[in-house]
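*Asks:* Taking the hints into account, I'd like the entire structure generated from these sequences.
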Amino acid sequence: MNTYLEFEKPIEELDNKVHELKSLNDNAPSDNLLEEITQVEDKINETYKKIYSSISPWQRTLIARHPQRPKTREYIQNLIEDFFPLSGDRFFSEDKAILGGFGKFRGKTVLVIGHEKGHDTTSRIEHNFGMPRPEGYRKAQRLMKLAEEFDIPVISFVDTPGAYPGVGAEQRGQSEAIAKTTECCLSLGVPIVAIIIGEGGSGGAVAIGTGNTVLMLENSIYSVISPEGCSSILWKDNTKTVEAASALKLTAEDMLKIDVIDKIVKEPIGGAHRNPHRIIESVGDEIEKYLNLLSNQHGNDLKHARQERYLQIGRSGLFSDKTSAANTVLDEKFGKSGSKKRFFKGLLSRSILGVIAGLLFVGLLVYLFI
Amino acid sequence: MNWLTRTISKVFPRKKKSLDIAENAWIKCSQCQTMLYSSDLEKTLFVCPNCDEHLQIHPRIRFKNLFDGGVFEEIKYPSGFTDPLNFKALKTYKERFNDARQKTDMDDCFLIGYGQINNINVTIAAQNFHFMGGSVGASAAEAMIKAAEHSVTNHTPLIVFTCSGGARMDENQHSLQSLPKTTIACQMVKDAKLPYIVINTNPTSGGVSASFGSLGSITLAEPNALICFAGPRVISNTVGETLPDGFQRSEYLLEHGFIDQVVHRKELKDKLSQIISLLLKRVA
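Sequence lines, in order, name chains A and B.
Our numbering applies: residue 1 is where the first sequence begins, and numbers increase by one.
Our numbering applies: residue 1 is where the second sequence begins, and numbers increase by one.
Quick caveat, the hints were computed from the structure, so don't treat them as lab data.
Each hint should be verified, as a subset may be incorrect.
What the hints assert, rightly or not - Only part of the chain A face toward chain B is listed, based on derived beta-carbon distances under 8 Å:
1. Gln171
2. Glu183
3. Leu186
4. Ser202
5. Ala247
6. Leu248
7. Leu311
8. Gly317
Heads up, the beta-carbon is just placed ideally off N, CA and C, and yes, glycines get one too.
*Replies:* Take a look at the structure:
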């Protein structure tokens, strides 16, 4: 059974019609029926195009959370051969909200980690709806360090509403676990490619979503807080989710504009849940491309590039000149010079601007008095 | 700032508003509800003389009491106002931000000071909860980076007082990405083999406790401070679990192994210089 979101309702009718026609055709095949099926299918595509051409951020949020949207498990099943799952944080327990293991991705050994939400009631409870406890994050750290030890690149699938807000999770140091996992991502000497496949929920997502390359599916969301949470805190009203989703600018397109992500992976018409195999293949292709780009780089360079990538986010507007924001301490450490040169260059351009402004001012005075 | 704006600001100096506390002469203790006179509170370092509750303190007052002779150099950080989302809920982000600036006389929620405590040079960054709940956005993240850079260049330990509700929603990603950004700041200090000391004060939650707040080489806390990832209200509302006594308070975290020591505000200065002297093998 397919699940249809509120705005997908027109599709449901058409889908039912195709279904009916197909069963009729199965019983008594005829060219007329086949033609009709193609017509209805064309109409479905058209309707989808219409719906998706004016989709709101809140609707995207709903698609990102769609129960039939492919989850980490499906990506692993379809993209990874020889998968060898690994469990446990070696301190307390196994947390199934984060899956992890080694396997072969298009011929090369990789480590895969990722949030898993589950696909039905039983598995959703088993995976805690993709909300990790500290153990999940500590397992991720353990696996990433293991990958580094064996010089194996990391693929990370991000799909979580956020870290689990529970008494036990807090007791066992949820914040510490998230902070240390982010730190682990940032200091790793092997390539990390992260893909936001559904929901990128706050710190719980960043912890394993901090990579050299961050990709995002077209209808995924990435946000510091859920639209529901934002609405109840800033609007003091639980129902302003549509407004909150728009205000938060949480779509892939918005993320690309501010360089939080590197590329949007296009979804098939009707969203990833409409054609899971197609989206899984496209994601595979993108991962392969980016892993190849990163594979020749030295560990220290990967680390430096990753840190530099994150340092630059959010700097436009805070610094008058983007390049002068380059990190002196990091540059010194990694043996890059030139920040001083840039400083003097900046100074020069500023004094030139000053001179021009001064000349204009004098010109204005002369013009006024003559 | 170019020469033009510099001249203008010299000719027409901006009137600096005095600290908020001076205007609100009376402050109510959040714990025992006693009305306290603010000038009395300054003498007790904003610790309630009645119930010993550690009230939130303006970083400038904290620094005056922490640094030897109350002398410190204020380190500026990139703090222009950026509003990437053009955010507006009930009030615009700009309004809220400007209100906070006026109220606190700070550029953003961080104040960075450089000076000596018991004759040891240190860089200290402290957050002000009264600046939009101490929330961290792009410029606050830059403050952490600036503080770390200052500490590395001057070879001083970095001490950070956290006091924050977490992320600044109004900036969404610029705020969320401050988790990795501030984590890099901590790494810079650690890589330079300098002590990175965190003091969690009331409250330290969300994105701050999930990044630089939890990464201290040494982690101290002021008594009875709320330190958590998800706040108690979030937990009881979303999961419906009953909360144990003293849950998420400093003493509770000490018991569960996430804090090295709970330290009274009046003892902080000596404790800090003690641990730094030990780590840096200084002869006292």
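*Asks:* Indicate, hint by hint, whether the structure satisfies it.
*Replies:* Quick rundown of the hints versus the structure:
no.	hint	verdict
1	Gln171	6 Å, holds
2	Glu183	5 Å, holds
3	Leu186	6 Å, holds
4	Ser202	6 Å, holds
5	Ala247	6 Å, holds
6	Leu248	5 Å, holds
7	Leu311	6 Å, holds
8	Gly317	4 Å, holds
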